[in-house]
Amino acid sequence: MMSESMFVGMLALFWIAEFLFGALVIYWFIRQGFGDKGVATGTDYPLESAALTKQSLGIWGLFFAAIVLMIIVGA
Amino acid sequence: MVSSGVGYSLIGLWGALMIGLAYFIFRRQDVNDTKEFITAGGRAQVGLTTASFAVTWMWAGDILGVPQYVGFVGVAGIWMYAGPAVLSSFVVMPFALRMRELFPQGLTYSEYFIKRFGKRAHLAVIFVVLYTMILGGVIQLYVGGTVIGGLAGIDPTIVMALLMTVIGIYILLGGLWGSMTTDFVQFVSAIALTLIFAPLLIFTVGGPSVVYQDMVTNLGDQSAAFLSMANFGPIEDFFLPYALGLGVWGVVSLSTWQRIFAVRRDKTTRFLTVGGIGVFSTIAMYSLIGFVGLAALPDVAPGAIATEALGLLPGWAAIVFLLVALMVLGSSTDSYLTAIASLFSRDIYFRQLNPDASDDAQLRVARVASLVFAAIIFLATELALDSVSFIQLLLIGGIGSTALVGPFALSLFWKQTSSTGFVTGVVVSQVITAVLLVVSFQVATVPGVPALKLWEVMLVGHLASTTLTGVVSLLAPDDFDFSEIAQEAVAADGGDER
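Residue numbers (this note's numbering), protein chains in the order written: chain A, 1 to 75; chain B, 1 to 498.
Any given hint could be a false lead.
[Said to hold, decoys possible] Straight-line alpha carbon distances no greater than 27 angstroms define the calculated BS3-like cross-link-like pairs of lysine-lysine that follow:
| no. | chain 1 | residue 1 | chain 2 | residue 2 |
| --- | --- | --- | --- | --- |
| 1 | B | Lys267 | B | Lys115 |
| 2 | A | Lys54 | B | Lys119 |
| 3 | B | Lys415 | A | Lys54 |
| 4 | B | Lys415 | B | Lys115 |
| 5 | B | Lys119 | B | Lys415 |
Worth flagging that the hints you see were computed from the coordinates, not collected in a lab.
With the sequences and hints as input, model every part of the structure.
As structure tokens, this is what we get:
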């Protein structure tokens, strides 16, 4: 059973995560806008690089590890 | 709860804002061909697409569902509820990367199947995608009508009719551009809801420490389980059926695929990663409503925690909350409607009925379909309200994904996957899971068919579709050359050109 301080800390962590998520997406939108005007069609873009795919998989790995840690610590 | 006059005013304000936004984007992005209408030209930026993807997965039902999960399971309800949605974003990634390599010119993912297997398999896919998308729309409207009608004191039927009229009009104008632009505003609203109103609710009842202490007092012996993230007891009822159904929904959902085809090709996994993980944090924030319910409303049933807890907010907050609920509802329903209109225009009208149709004709059909299917979703929701429970609707939608995921994966990565194997796997598994679901819901008894747990039904669906596709393909294998698809460019105005 999680303690009071852990419960309060968990709520704070959720709030920070949500804030960062919202801020990142809004920042991207302000910087990038709706779509690329100079591009006639989406197929003009190259395929995603292997480096970006690995980076995404790394982020997922960290996320799943965090969930498992949350379950273990919060048990 | 607010008065019905305020409720109507808020719906009117929301409708004017959404239609105005759709008109703005219609003019700005020049939405005058099917590529722009269905996939936003394949050049949408990551921020817009991530917001749209995330808010499509955050739906009005979460406001009810997450507190309900917390009411039944406790803190572990957070990951049990959020897991399937997050998993869906992860599972779809290899499909998305392969499709963007093989079929970069795609407008709907279902068109891939006509290239890979021909019209028969394409029809099977259309059937599954169409009914899962209509069900998705019905689920959103069903919950949204109930939540908003309940908060505003308006008959849910009237609320649903107004919502579908507004959504039908703004999709007619802007297609996917309209959906994604309104989604962005809806995303900002949903984030504001969770960042401001959920903590406000906590402090309205005394702050997080008081909430914790009151929960421990009210839960008594149950507090150890309810305040443990490792409360695995309810996993069979609260996690596994949804993980096996909704957890792969993203692979089947045309609204997810529209966003995959819309975003720049070089950023495909970026938006799925940030959007998917972000949904977890939003769902986690909704759990605060459930904690307030457990602390301050110990006698309230889990299903009513959200509406009762939100009643603790001051009057002005309830009004703003209602507006945000409208935003969240609109974002999911419009995504399903755009997907259905695109499917009808591109897959049914152009691919199956009139292959010579001009681009103008396809666009006209997509626009008319957005209004016609808005009416169909409304009528289907009206019927469903009287005869089917919300949970049953969710699970019926889930069995659609069990039929397609395995066969789709085999078709993308194994050249011997045959058309006969694919169709057999999809159709037979749908029949098997439908019969199992009918027996398990105790709608009817079928001699020799056992009543299974819901997660077992989902698992049988996955195993049946994948195994049958694999075995039948091994018996009569295809030898497909994937480069045939990759080299083709589809002309938007009909026919194929090399």
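**Message:** Which constraints among the numbered hints does this structure fail? Numbers only, ascending.
**Reply:** Structure breaks hint 2 only.
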